[in-house]
Amino acid sequence: MDLEEAKEFKERCTQCAAVSWGLTDEGKYYCTSCHNVTERSKEVVNTEAIPNTKIQAINRGLKRKQKLEKGWDWYVCEGFQHILCQQADALQTLGVGPELKNEVLHNFWKRYLQKSKQAYCKNPVYTTGRKTAVLEDNPSHSDCDSAPELLSDFSCPSFVESGAESQPDGHARKPFSIIKAPQSEMASICSGSLDGVEYSLRKEKGIVKMSMPRTLAFCYLSLLWQRETVTLSDLLRFVEEEYIPYIHAFQQFPEEMKLYGRDKGIFAIESWPNYEDIYKKVIEVATFLDLPRFPDITEDCYLHPNILCMKYLMEVNLPDEMRDLTCQVVKVTGIGEVGFLTFDPVAKKTETVKYDVQAVAVIIVVLKLLFLLDDNLEWSLSSIAEKYNEDNKEDKPWFDFRKWYQVMKKAIDEKKQKWEEARAKYIWKSEKPLYHSAIDKPVVHKRREMVVNLQKQFSALVDSTPAVEKKSPSSFQFNWTEEDSDRTCFHGHSLQGVLKKKGQSLMTKNSLYWLSTQKFCKSYCKHVTTYEESNFSLSYRFVLNLFSFLLRIKTSFLHEEVSLIEKRLFKKKYNNKTKKKSSKSRKVRRH
Amino acid sequence: MSDFSEELVRPTTEDEQGETCVLSGTGMCFPWLQKHIETVGKTLVATGGKREKDFAQTTSACLSFIQEALLKHQWQQAAEYMHSYLQILEDSDSNKRQGAPEIIWRLGSEILYYHPKSSLETFNTFADRMKNIGVMNYLKISLQHALYLLHHGLLEDANRNLSQAETWRYGEKSSSKEVLINLIQAYKGLLQYYTWSKKKMELSQLDEDDYAYNTASQNMLNHSWKTSINLCALIQIPGVWDPFVKSYVEMLEFYGDQDGAREVLTNYAYDEKFPSNPNAHIYLYGFLKRERAPREKLISVLKLSIEKNMILHRKKEEHHKLGLEVLFGVLDFAGCTKNITAWKYLAKYLRQTLMGSHLAWVQEEWNSRKNWWPRFHFSYFWAKSDWKDDKTLACEKALVAGILLGKGCRYFRYVKKQDHQVLQKKIKQMKKSVKKYSIVNPGL
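Same order as they appear, the protein sequences are chains A and B. Mapping to the numbering used here: the first sequence position 242 is 242, numbers consecutive. Mapping to the numbering used here: the second sequence position 150 is 1150, numbers consecutive.
Since the hints were derived computationally from the structure, they do not count as laboratory data.
Incomplete in silico selection of chain A near chain B, CB under 10 angstroms:
hint, residue
1, E270
2, R423
3, W428
4, K429
5, H436
6, R448
7, A460
8, L461
None of the values given here were measured: they were computed from a predicted structure. We put the CB at the ideal spot given by N, CA and C, even for glycine.
Let the sequences and hints guide you as you build the complete structure.
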C-alpha cells in the first residue's frame, strides 16, 4: 500500500469523486476515502523496449529442461527411403509395373547409399574418426562390403516391405550407430532424426545429398529405365495433383518417427517440383550413381517422338494428318534415332532428351511450317478454309486455324483458371506442426491450434456440398470428342487447304519460315536463346503458352527447345548465317 | 518469439546455391536482362537469386482471390479462400506472419459481417481470437468489435468489450496506442452518457418529493463522474469530437459546473491546434446564450463564428469542392456502395462542378481512385446486378461512370443499352450529360 507510488494517478474516484489513491497488493488503485478498487492498475514502467518479453520467454525456454519428443532412433536416409517407398507404391497404383519398385528403384537406392558411403561399404565417409572406430569394432559388418550388383540383387527386405515401417534391419541400420553431434544438445539446434543436424551441415564435394526434389529424380530415372508411359512433366503434374506423395509425404511416417528441428528443412518443403530443376537433378543423380546406358528408346516406345507427337496432337485437338509432318521433321532432324534418344549418363554427361518438351517443340515447328504464325498468313489461310467449309458441307472439313484458336483459347483459359484457383486453395501446412527447436515448440503448437480453430469457423460458412469428385489421374488433360458441339473436335479435319501437290509429293503452300532464334551463342555457356515475349507474333505466343501450360514449364524453356529443333532442321541456314528469313520449302511425301 | 530462433537455425540448403549458379551461368549482360529477370522474377528474388517458395506465391494469389470475391460480394467464395489463406499465420517468414493478423481481421470481419450464414456468435468468437493473435491489434480490434456490437444494438456487450480493452496493458505506452485508448474510453463515455440521459429522462418524470427520486439522482451522479473521466481525455487531443463534446458539456451543465463547460467549449472552438470546426462556435454560442452572457460577448462570438464560416464557404463553388470530397469519400466505403442518395448527389455535383469548369477538382479526387473505382463500382458485374436490383441507382451510377470514365466504360454501356420505358427519358438525359461533361477526352 504505497501512497507515494499512487500519486501519479490523478483521476477522480468513480464512487466518491475524491482524488486520493493507494495501491493494492496486486498493483491496482483503490480509493483511500471510500475503498473503491478500480479496474486500473499501475503501469509497469519499462526501461527496456518491448521485445524484452521475448528475451524473457527465451530465458524461460532455456531454463526449462529440454522437452523434446522421444521416438524411434532413425536416420535421415531412412526417412528418404520411406518416402521413395511411398512414391513407388503410388506409381504402382497408377499402373506402373511392380518391377519398378522392387528391382529398379530399389537398386538405384542401394547404389546411392553405397556411392554416398552411407551403407554397403566399410567406412561410411561422413562419420568422424571416432565414429568409424565404432564401426570397426563391429566385425559382423564385413558382409556388407560387397557392392550390390546393379539390378541383380532383389532381396532387401527393408525396402521391399515398405521402408521404415519395419524397423530397419542390420543391413542399413548398424553402420549409422553414430553418437549425436555435440551441438544437438543445444536447445536451438536439434532434430528428431539421429543425424539430422549433421546431415544439414554436411557439405562434401562429390557427394550428392538426398533432398526432396531428388526423390523425384530417382522416381523418374526408374520410370525411364522401365520405359514406362510416364513423361517427366506427367510425373510432376501427378505430384502437384497429389497422386504421388511429395509435399505431405513426411506426414505418413510412422508415429514413432519424430520429426522436428533440422528435419523440418530436410523433409518439409513449400514448393512444388519444377521441371528444369528436376531435370537437372535427374542428370546429376544418374551421373553420381554412374549408371550404365539405359534401355534403348525405339520407335515402339512411348517416349519416342513419333508417339509422343501423336499424343500431344490429340491432346491439343490438332488434326491427325499433322502426324505425317511431325514424323517427317523427326526424321530430317534425326531426333528419332535410338542413339540420340537413349539416356547414357556416362557417355553424355550433361544431357538427356526432354522427351515431352521436344515432342511439343516438333509440333510447334510443324505449325510454323504450315501456318507461318506471323499473325497474318494463318488468318488468311483460315478464311480460305472457312469459305471452303461453308461451300462444301458434306466433305471432310479443312482445318481452320482461327476456329481452332477460339476453341483452344476458351478451353485453356478455363483450365488455367481452375488450376490457379486450386493452387490458391492448396493446404501446405501439416496437421502436426513442425518446430525448429524446443523453445519454438509451444509457440508453434499454439499457432497451429489457432489456425485450426479459425479454419473451422470459416469452413462452417462454406456450403456443405462436397467438392467435385477428384477425377482419376490421366496423362491427358483434355478430352475431345466428336459429340460435343460446343467444343469442336479437329482430329478428323484435313490439311488440304494448306498443302499443294507437286508431282508425286505434297508441299506446304506456305514457303516461308522464320527462325525463333537468329543466332546461337558460340561460347561455352551453351545458352541457346532468351525469350522476350514482345518480340514474337501473337499466335506464336499463344501456341507457346498453350503447350507450356500443358507441360507446366516456362515458355522460355519451350522456346529454347523449338530453337534447338530448328537448328537441326535448318542446319545450312545457320551455317551460312546470312539470311534472316529462310525461304526453304519442304517436300512432304504422302503415304 | 519463434522468429528469433528461426533466424538462427535456418539451414542453407544446396538448392539455394544451385539457383545462384543458374543465374550467373547465363553469361550474358544485356541491359534488359536484369529487368527481364525481375519480371520473370515473381519467382526469383534479387538477392542471390533464391526462388520464392510456391507457398508464398499461392498465399498471395489466395489473397487476391479473396479481394476479388469481396468486391463481387461473393461471401461464400471469400470464406472458402479464407480457409486456405489462414495458413499464412504459420508462414516461416516472420514479416509476413506478423502482418497477417491485421489483413485476416479486416477481410474476415468483412466476410462475417455480410455472410448470410454468419451470426453474432461467430463474429464474437472471431474477434476474440483475432485480438489474441499477437499483441499489435488488440486495441484496434476491440474498438471495431465494440462498434460492431453497437451497430447490432448490444450496448452492454459493447460496454463490456470497451472496459476490457481499457484495462489491457502490454509493453510501453506508445503514442498510437494512447490515441486508441483515448478513443476506447471516449466511446465508453458516450455509452455511459446514453444511460445517463435515459436516467435523466426517467428522473424528469418523477416527483421531487418521491423517495425514488433520491436514489435515481444518486444513480445519475455516479454515472456522470465515470463519464467525465472517460470523455475528458479524448477531447484534449486536437480533432473533431462533436458528439463527445456535446454530451460532456451537457453533463457538466446539468451539475452546474459552468466554468468547466465554458472552458471545454472555448478550448474546442478557439484552440489553434484543433481543425476549424463551425459546430464548435455554434456550441459555444449556444452555451453562452443559455448562460445569458452579455450581449457584446455573444456578438463577438457570433462574429468570429460567421467569419470562420465565411472563410469556409467563401464561394458557393468552393462549397461544391468540399461536397465532392465528402461524396467521393463516402463512396469509398463498401457499406455505402448502394447508397442512392450519395450517387445522386455525386452525379449532381459532378455536373455542376464541370459546368463551372473546375475540372481540376474532379481530377484531384479521381486520380487517387481511378485505378480501383472502375473495378470497385463500375464493373460489368455491378452493372448487371445494380440494374436488376435498383434501376434508378444504376442510372445514377451510369451517369457518374460515364462522366468519369467516358462513354466507352462498360457500366455506362450496359445501362445505355437497356430498354426501359419509364426510364427512357432519364437514360436519354444521361447520354446527353455524359457527352457534354465526360472528363475523358475533354477536347472532344
